[in-house]
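Chains as they are written, first to last, in the numbering used here: chain H, 55 to 190; chain G, 0 to 161.
Note that these hints are calculated values from the structure, not bench results.
Computed from a predicted model, the values in this text were never measured in an experiment.
For every residue, glycine included, the Cβ atom is placed at its ideal position computed from N, Cα and C.
One should not assume that every hint holds.
Unchecked claim - Computed spacing ranges between beta-carbons, pair by pair: (1) H:Asp63 / G:Val67: 44 to 54 Å; (2) H:Gly138 / G:Glu98: 36 to 46 Å; (3) G:Lys84 / H:Asp105: 22 to 32 Å; (4) H:Phe62 / G:Glu43: 29 to 39 Å; (5) H:Asn86 / G:Ala78: 25 to 35 Å.
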Amino acid sequence: MANGTIAFDTLTTSDSVNTGTEKSIDTSYLLNGVAKSHGVVNQSGTVAITDSFNTSSVNDDGTGLNTVTFTNNMANSTYTAIAGGQLSATNETGSRDWSIKADGKATSTLASRLATGAGTAYDTGVLNYTVDGDLA
Amino acid sequence: MTKIKTPKFQGTHLWDRLCWAKENLEGKQSDYRIVWEDPDAPEECSKITVPDPNWMACALQGGILPPVEVYWALAEDEAKPDFKKHTRGYLLHNTKPVEAMTEEQAIEYLIMKDIPQRVWREYQKANKPRLVICKKNQLPSTREWRNAWKIDENIIATDKAA
Numbered sequence: 055m056a057n058g059t060i061a062f063d064t065l066t067t068s069d070s071v072n073t074g075t076e077k078s079i080d081t082s083y084l085l086n087g088v089a090k091s092h093g094v095v096n097q098s099g100t101v102a103i104t105d106s107f108n109t110s111s112v113n114d115d116g117t118g119l120n121t122v123t124f125t126n127n128m129a130n131s132t133y134t135a136i137a138g139g140q141l142s143a144t145n146e147t148g149s150r151d152w153s154i155k156a157d158g159k160a161t162s163t164l165a166s167r168l169a170t171g172a173g174t175a176y177d178t179g180v181l182n183y184t185v186d187g188d189l190a
Numbered sequence: 000m001t002k003i004k005t006p007k008f009q010g011t012h013l014w015d016r017l018c019w020a021k022e023n024l025e026g027k028q029s030d031y032r033i034v035w036e037d038p039d040a041p042e043e044c045s046k047i048t049v050p051d052p053n054w055m056a057c058a059l060q061g062g063i064l065p066p067v068e069v070y071w072a073l074a075e076d077e078a079k080p081d082f083k084k085h086t087r088g089y090l091l092h093n094t095k096p097v098e099a100m101t102e103e104q105a106i107e108y109l110i111m112k113d114i115p116q117r118v119w120r121e122y123q124k125a126n127k128p129r130l131v132i133c134k135k136n137q138l139p140s141t142r143e144w145r146n147a148w149k150i151d152e153n154i155i156a157t158d159k160a161a
């Protein structure tokens with residue numbers, strides 16, 4: 055069967071299983087609610103991008119420092135960005151603190167710093183990031 | 000293997016094109032890296048730009064990415080003191096997409112898109128090298144003294160002479 059397109063502006067459910075009260079949602083909410091960019095970056099050794107979406111490049115700016123550049127700019131710099139570093143071994147303890155740099159958010163880039171719980175800059179094998187907000 | 004044909008994307012939202020590419024194109028891990036230094040921050044270590052594999056697949060495929068000048072126009076808008084929000088995002092979506100590039104052309108495009116213009120404009124007039132395209136295996140394989148990495152001026156001088 056060939057793939058096709060279903061176009062609709064409103065999604066409605068009778069919600070008969072739960073409340074029995076019909077509910078509707080504007081499909082633009084669905085689009086606006088999905089992540090606009092995400093990625094997994096290996097900061098150890100030679101930096102590499104393991105998986106991504108809406109990313110054109112990642113800068114290795116130094117220990118624990120990265121700048122992600124988007125392919126489709128965000129509309130403004132008030133978007134939400136969340137990231138975290140994964141511990142590198144099952145027996146590793148402590149925490150990894152990810153911060154956006156003071157001037158780190160622009161519509162085309164997101165600059166950040168990863169550190170240990172003690173504040174020391176740290177390169178992780180798995181840096182995960184996701185960005186939500188409006189696209190340009 | 001037959002190359003999949005890119006739909007006519009001019010006028011299609013760039014983000015939708017990226018969704019199509021993620022679904023239909025295989026990512027291309029480039030061996031190229033761009034090492035550069037910011038003339039406005041000479042005390043900082045060298046930065047290394049890593050091309051994204053999905054972006055590289057779009058560049059090689061053609062018909063997906065907008066011309067780099069579109070990004071410059073948006074950057075100019077954002078640099079204005081009263082900037083709040085992009086009002087010319089349509090440039091990303093409505094401008095005719097660029098044709099397929101070679102990997103080397105894609106790296107040149109990426110330099111002009113993702114690296115500040117002050118780094119690569121008038122590059123030849125700089126009194127020290129501040130941008131090098133190299134292969135991944137030419138970089139140190141460990142992160143030792145990462146914050147002290149600098150472009151080797153002697154190596155570049157030799158290359159220029161050649």
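Which hint numbers doesn't this structure obey?
-> 1 and 4
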